[in-house]
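Keeping the supplied structure of chain A fixed, place chain B upon it in accordance with the hints.
So the sequences go chain by chain: A and B.
If you count the first sequence from 1, position 72 lands on 72 in UniProt numbering, and the numbers rise without skipping.
If you count the second sequence from 1, position 6 lands on 6 in UniProt numbering, and the numbers rise without skipping.
In short, the hints are calculated from the structure, not lab data.
All values derive from a computational prediction rather than experimental measurement.
The reader is advised that the hints may include incorrect statements.
[To be verified] Pulled from the structure, derived: some chain B residues nowhere near chain A, Cβ distances all over 12 Å:
1. H109
2. T127
3. R159
[Said to hold, decoys possible] Which chain B residues face chain A? A few, computed with CB under 8 Å, are given here:
4. D161
5. L172
6. F237
[Said to hold, decoys possible] When the alpha-carbon atoms are kept at most 25 Å apart in a straight line, the in silico SDA-like pairs for lysine to any residue are as follows:
7. K268(B) <-> E70(A)
8. K86(A) <-> Q73(A)
9. K192(B) <-> G235(A)
10. K224(A) <-> K192(B)
11. K248(A) <-> G235(A)
12. K251(B) <-> T233(B)
13. K231(A) <-> L172(B)
14. K202(B) <-> S98(A)
15. K268(B) <-> V103(A)
16. K224(A) <-> K268(B)
Idealized CB from N, CA, C, for every residue including glycine.
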Amino acid sequence: MLWRAVRSMDVIMHSSSFLLPKLYQPVNKPVKNYALVVLNQHLPRFMPRLWDHANLKICADGGANHIFDEMYQITNDEDKKSTRNKYVPEIIEGDMDSIRPEVKLFYSSQGSKISDKSHNQETTDLHKCISRIHHCTPDDEKPNLCVLVTGALGGRFDHEAANINVLYLFSDMRIVLLSDDCLIRLLPRTHRHELYIESSVEGPHCGLFPVGAPSTSTTTTGLKWNLSESKMRFGSMISTSNIVQSEKVTVESDADLLWTISLRNLT
Amino acid sequence: MAPTAPTQRPTMRHSSAFLLPSTAPSSPAPGPDDAAVALVVLNQPLPRFAPLLWSRAAVRVCADGGANRVFDGMPALLPGQDPDEVRASYKPDVIKGDMDSVRPEVKEHYSNLGTRIVDESHDQDTTDLHKCIAFIAENYSATNKSNLSILVLGALGGRFDHEMGNINVLHLFPSINIVLLSDDCLIFLLSKMHTHEIHVEKSIEGPHCGLIPIGMPSTSTTTTGLRWNLDNTSMSFGGLISTSNIVEEDKVTVTSDSDLIWTTSLRK
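Looking at chain A on its own, in the form it has when it is part of the complex:
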């Protein structure tokens, strides 16, 4: 084994190609596997393309109500019934205090597995869903798995904070929280990060936030206002309303950072 005198940090590559209408498969790269978790808030406009790209779809409790009620409105299908039959999650997971009985019955009859976790009040619905995915995914497949989550942002602030904390608690997984306006990812300090920007669907506004703890040194490339071994801290400087200026953004930091980028109008 080659021993390098100066060990460089491993790189994680991130891409939002799941937002494109059609997934493309880059040559010589392992096939990306997407899972989708739908939380209990209004669906983003681009939900159909996320659903189409995902191999596993999990509704967290009341997320199933939103799929049931809103998918046919988003797709503009005339036939409500056939749309409902088309968008059936593999699993409905959570404490089942929000899902309507008729919705639960419908999906159960369509083959969805109902995973009732009402005995477990310690963790949020998102935590339960990510925990299940984490448990079922072999370690060597985790780098190729990307979990897309809708409905994690906005709404009650304590829910949003708990959902962001799930990114920290499962920092060995690629998890992306999505809303109509933006997406966020955790960039763990253990790695250098390369973010490949799909400018047809995301940008230009972006930001980096040391939500858990301050950073004494963060360095970026590809932004309008790059950081150069810069300090970042709540109560002082954090990077908001930055602008992506390159197809590739790199980030290296001594602190875990939340990355966010705005989404373009995707309908």
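For chain B alone, kept in the frame of chain A given last:
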């Protein structure tokens, strides 16, 4: 510098009485009559209680496109009233910011009614909210700023970098009572320099609440009045944070070695 022992920290009192429909005589906290309220409206849809807070406020500032939201949104929230009358009476005192979002006809409408237009497009270093808070703090002539509450609409949700920037404004002005409000919840900063007494108005807020250490872990936080109280407990992202907690008492106390964000849900 050695940390101040909890018993030596001055107490800061917080109350959401400004959300009550009318002055409730039973409220133990300083009532709305004692506190001056300023309102800042950012560029997102107005929450349903915007007219109530507008009527409570001594000064109303729209940050740039927030003026569009008042122009379009207030008549919609007051369907029983004539839209033109609403647009004339719900007039901001100031429209401030870099002016890249406010519609020209909206700016002109309010300017004609006497609204002060303060163009800050030369200053790209601070967010719209930061400019508004600094403006109110400079212009508020009360001898005791601790009576001033600045209520902010439209700071949560939407673009996440905006939300983070708005939360950072709470950290940048720790001695001013600034409350960020949405339809679903409110948040404010609990500075580590104080022990906090939060008077919960159970008719309008709760039962859900949370304490979140944004920006820095807390090695020791102690609370009373919650269903799951903390007792010299550590909190951090990647570890425990207090979410989906429940307010049990009318008064909640919080002492921490770190700045915390407090949040309560708002009843529908």
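Verification of the supplied hints:
1. H109: Nearest chain A Cβ is 28 Å from H109(B), so the label holds.
2. T127: violated, 7 Å
3. R159: violated, 5 Å
4. D161: At about 3 Å, which falls below the 8 Å cut-off, the nearest Cβ of chain A leaves the hint on D161(B) intact, so it holds.
5. L172: At 6 Å from the nearest chain A Cβ, L172(B) passes the 8 Å test, so the hint holds.
6. F237: Because about 3 Å separates F237(B) from the closest Cβ in chain A, which is inside the 8 Å limit, the hint holds.
7. K268(B) <-> E70(A): Holds - the C-alpha atoms of E70(A) and K268(B) are around 22 Å apart, at most 25 Å.
8. K86(A) <-> Q73(A): Holds, at roughly 14 Å.
9. K192(B) <-> G235(A): holds, 12 Å
10. K224(A) <-> K192(B): Violated: K224(A) and K192(B) sit about 35 Å apart, past 25 Å.
11. K248(A) <-> G235(A): violated, 29 Å
12. K251(B) <-> T233(B): Given that 25 Å is the threshold and the Cα spacing comes to 20 Å, the pair holds.
13. K231(A) <-> L172(B): Cα-Cα ~16 Å, so holds.
14. K202(B) <-> S98(A): holds, 23 Å
15. K268(B) <-> V103(A): Holds, at roughly 24 Å.
16. K224(A) <-> K268(B): Between K224(A) and K268(B) the Cα gap is close to 42 Å, so the pair fails against 25 Å, i.e. violated.
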